[in-house]
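Two chains, two separate frames, one set of hints: put the complex together.
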Amino acid sequence: MRAGHDGLPVAFFVQEDAPMLSRQWIHGWLLLLPALAFIFLFTHIPAITTIWNSFQSTPRGRRPAQFVGLDNYERLIGDPVFWKVLVNNLWFALGTIPVSIALSIAMALFVNRAFAGRSLVRMAYFTPTVLPLIAVANIWLFFYTPGFGLIDQVLGAFGHGQTNLLGSPDTALGAIIVVSIWKEAGFFMIFYLAALQAIPPQLAEAARIEGAGGWTIFRRITFPLMMPTTLFVSINAVINAFRLVDHIFILTGGGPDNASSLLLYYIYETSFRYWDTAYGATLTVVMLALLGLFAIGQFFLFDRKVHYK
Amino acid sequence: MTGFDRILMTTGAVVLALIWVLPLAYAVWTAFHPSEYEARFVLGAPLTLENFVKAWNAAPFARYFLNTFILVTGIVVCQFVLCTLAAYGFARYRFPGRDILFSLVLLQLLVMPDILIVENYRTIGALGLVDTIAAIALPYVASGFGVFLIRQTFMTVPRELDEAARIEGAGPLTILWRVYVPLAKPIYLAYGLVSVSHHWNNFLWPLIVTNSVETRPVTVGLSIFSTTDSGVEWSVINAATLMTSGPLLIAFLLFQRQFVQSFMRAGIK
Chain L
1 MRAGHDGLPV AFFVQEDAPM LSRQWIHGWL LLLPALAFIF LFTHIPAITT
51 IWNSFQSTPR GRRPAQFVGL DNYERLIGDP VFWKVLVNNL WFALGTIPVS
101 IALSIAMALF VNRAFAGRSL VRMAYFTPTV LPLIAVANIW LFFYTPGFGL
151 IDQVLGAFGH GQTNLLGSPD TALGAIIVVS IWKEAGFFMI FYLAALQAIP
201 PQLAEAARIE GAGGWTIFRR ITFPLMMPTT LFVSINAVIN AFRLVDHIFI
251 LTGGGPDNAS SLLLYYIYET SFRYWDTAYG ATLTVVMLAL LGLFAIGQFF
301 LFDRKVHYK
Chain Z
1001 MTGFDRILMT TGAVVLALIW VLPLAYAVWT AFHPSEYEAR FVLGAPLTLE
1051 NFVKAWNAAP FARYFLNTFI LVTGIVVCQF VLCTLAAYGF ARYRFPGRDI
1101 LFSLVLLQLL VMPDILIVEN YRTIGALGLV DTIAAIALPY VASGFGVFLI
1151 RQTFMTVPRE LDEAARIEGA GPLTILWRVY VPLAKPIYLA YGLVSVSHHW
1201 NNFLWPLIVT NSVETRPVTV GLSIFSTTDS GVEWSVINAA TLMTSGPLLI
1251 AFLLFQRQFV QSFMRAGIK
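Chains L and Z, in that order, give the protein sequences.
Following my numbering, the numbering of the first sequence begins with 1 at its first residue and continues without gaps.
Following my numbering, the numbering of the second sequence begins with 1001 at its first residue and continues without gaps.
Chain Z extracted, bound-state conformation (with noise of 0.2 Å):
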């Protein structure tokens, strides 16, 4: 690459990085200043946390950050447990019917719950579930992408390993637990992140099956908080728009490099 060409690559990136940040910069600058400086740049504006504490204390954000985090952890929880057991089955076991059950499976890759709303609505009213926390999570605690992850990572691991375990006596759940999870774990903590910030950041569905304080996830909190004409003010909106997106933030701040790799491994598989 000659000297010219070097230039201009760099130029490029740091003037499209610039662009990216934009939208993001523009939004940190309103929350953290008070209202007459949203769209006046000067340098010497005052900084304030005053719009965080008025968005907190205008919605129940602390409630629906708890319905969140209860979301989301019992989401990854079962979808765990729920993916490893049938990776194992999928990997490990020979049965009739196998190779069909997991291409249905694989179908879930492409026809996701996200879009049969419809009916997902029905079944979960049929099971007088409407407004709760698990309706929410229920389509979404077995995955079949979770199942092809964890299933390609299984298939890696040595048949001796596991010969080794059952000699010792180990039934199938022991060796599961001991030979396969081991060392699996950098997938688990791939497959845990994107699974974190995916059902964070889930909207449609939430909005469909809540209509409570009391099982409202951030998502959809915050588009209440932002769409009902009350004449709150930008900065505020955009301090609370922050603050959901927050804690996901800060965790990719802090462990960028993992992130990457981790949605990385995710998707290659």
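One chain only, chain L, in its complex shape (with noise of 0.2 Å):
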């Protein structure tokens, strides 16, 4: 035990006797037990529940689950839609992240200057944060609708012709990725703004007096110190890649023929429009392995006091 060690001063441990101490830990107990059991009961004992019942039946009508071993993840490995949701994931989340990065980014810097209007602009960028992903995506369906939405009419006015960017397999995805990062570059803004105004003015200052420009200054200087930042909201981007799926419903329900599912998504129709729960389970032990190995890399690749102490 390091004293000191969070705060509390070394006299505090020596004044405490053997029976204090014990009545503290029942305390500390105690005080945890409300929070933790909930906790438990949905979030730690479910995550194991979901791999045993990745092992079993799905349970029909009379006959109860049973023990099946590796059949679903045979099934699993012969699906083509899951290899499809799975590949549609991992663009979602290369097409979505770098880019809302980057808008945060600019976004940051262009308010972080005083200039006519810009509580305005400031909110112009974070209210899409505060909007339901369902409002959202019906925003977006009468923006994207063929011939009659906003986009049809301004690409009709320079003479081009009817698009559909959510039913062509092509486009479907890619026009879900553009929702998201309206929906989610506001809110990471906020976070590079605190960073942006932590950092010294004096550091760009002297720099300029070096003579550099806005753009090396940037690189060199304001980038590498909002990195603990970046990685803070890579993970959340990430962790959101894999969690929300709500505007898929309004949007294209995944189709046409799975273009723009993604994993969660297909767990939601095959336990629950499908009611194959027990291939619903294996494919969300696909979903916490991916995240465990992201958690991982996340552990190994930086120093992991950057974002929390």
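Check the hints yourself; a few may be wrong.
[What the hints assert, rightly or not] A few chain L residues that don't get close to chain Z, going by computed Cβ distances all over 10 Å: (1) 53; (2) 90; (3) 174.
[Said to hold, decoys possible] Simulated DEER-style distance windows between Cβ atoms: (4) L:208 <-> Z:1046: 48 to 56 Å; (5) L:294 <-> Z:1156: 27 to 35 Å; (6) L:208 <-> Z:1224: 52 to 60 Å; (7) Z:1246 <-> L:227: 33 to 41 Å; (8) L:170 <-> Z:1156: 46 to 54 Å; (9) Z:1158 <-> L:224: 29 to 37 Å.
Hints were generated in silico from the structure; no laboratory data involved.
For glycine and all other residues, C-beta sits at the position ideal for the given N, C-alpha and C.
So this is what it looks like as structure tokens:
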């Protein structure tokens, strides 16, 4: 036990005698009990039973679930839809994360200086964050409507024919990505804004005296100093890329031909439309494995002290 | 920064803001104008609230709002109580297993109940709670994020304060309530705002566990309203969309600074 480990003075421990200590233990455990009970019940235990259920069959009618070994996993490997949604999800992450981070940095740089209308501009960037994703999807659906939506109206003015961005396999995922970026960039902006305000202005000042231009200052000073923020934001963005599928329900329903379906959406369809819960559990195991891999990667790639103390 | 750079930055900021506000502005336009102006942007187009009235009457939105209100209030109250107790335990008590338990709590930041829909539905079914508002709330009433956030704040409270309270004979819960909670007020505001907007907006889990008007929150109600193929006009759907996000949107516009600071504070800790 390190003295002063979490800000406690050494004397605090010396004073404690044995019965006090055990009472402290009981108090500590009692304080944690209610929260931990719920967290375990709805996060840790289901994570474990998911794995167990992926080795079972789906109970149907009077037939209870039975142990089927790796059957579900064999099916998974031979399931083209699974591979499709997995690849989609990777493209979705690759499409949303870098662009929304780049845009959020630009937004933060834009509104970090004083100019007339700054608070209006900041509000415009941030507003999508407070809207429900389902409402966002409704708004964008109208945008994308073939022939009638704003995109087609603008394209039509340039003599372009009708487009069906959501209905075509080549563009459906891209259209979903655009909506996600619109929703997320403003949220990430505020973290960069906080980071920018924490950078001492003398640094840029000094660089400017040395003759550095705006771009050099950004590349050599601002961006490196914001690395902890970028790490924090990327972790959030990756988790969101697997967790948020609400807009797919409204915009495409995963179609056409699963072109815009993501892993969690496929889990939903499998488990709650076709009620194949064992296969749903198997797909969830893949999701858990992906998040686990991501956590391990992050652990080895970055100093984990960067984002939380 | 040169004058040219400054103009460039401001232009960029404004152009991006216009692009960003366009989808929402379009929704506002259609919602407040008669349907024949859905895609005709005429300056003198007549304003109307007709679309909102139609939407309100076409689906039980009043009930959906009530459900969401009960849901969000319940979640936030439970989160405050449960997370405060646990945060206090983690911040100020020493006992075996503390660090392991804390890592397990933090694990919830990565593996959220949102992705464990299959097993959580099974649990809710076993508890006999399918299609209740409690079922929507239960997976979220204790949040690892909340425990972490409040613990970080509690750790900054000087020890001397609770020593003083202890000498005056206050018990642990009194100290928590009288010393720690008042000092952490800003973080409760921050966490509360983040949590309210998160659960107001949540969709997938409520969609799964509810199947009646009496339990559905507005997000699920809106999706049913806008996807049923009943030939509802766009202007009415957009009115419904704005209506469901309305309370949050208005709160945001009024308390913009607090919102932004809260999200920032909640994220940076």
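Going through the hints against the structure:
Not every Cβ of chain Z is farther than 10 Å from the Cβ of residue 53 of chain L; the closest lies at roughly 7 Å, contradicting the non-interface assignment. Every beta carbon of chain Z lies more than 10 Å from that of residue 90 of chain L, the smallest distance being close to 16 Å; the non-interface claim holds. The beta carbon of residue 174 of chain L sits about 16 Å from the closest Cβ of chain Z, which is more than 10 Å, so the claim that it is off the interface holds. Hint check: residue 208 of chain L to residue 1046 of chain Z, Cβ distance near 54 Å, so the stated range 48 to 56 Å holds.
Look at residue 294 of chain L against residue 1156 of chain Z: about 31 Å separates their beta carbons, and that is inside 27 to 35 Å. Hint check: residue 208 of chain L to residue 1224 of chain Z, Cβ distance near 57 Å, so the stated range 52 to 60 Å holds. Range check, residue 1246 of chain Z to residue 227 of chain L: Cβ separation about 39 Å, and the 33 to 41 Å hint holds. Range check, residue 170 of chain L to residue 1156 of chain Z: about 53 Å between beta-carbon atoms, so the 46 to 54 Å window is met.
A hinted range of 29 to 37 Å for the beta carbons of residue 1158 of chain Z and residue 224 of chain L is consistent with their spacing of about 35 Å.
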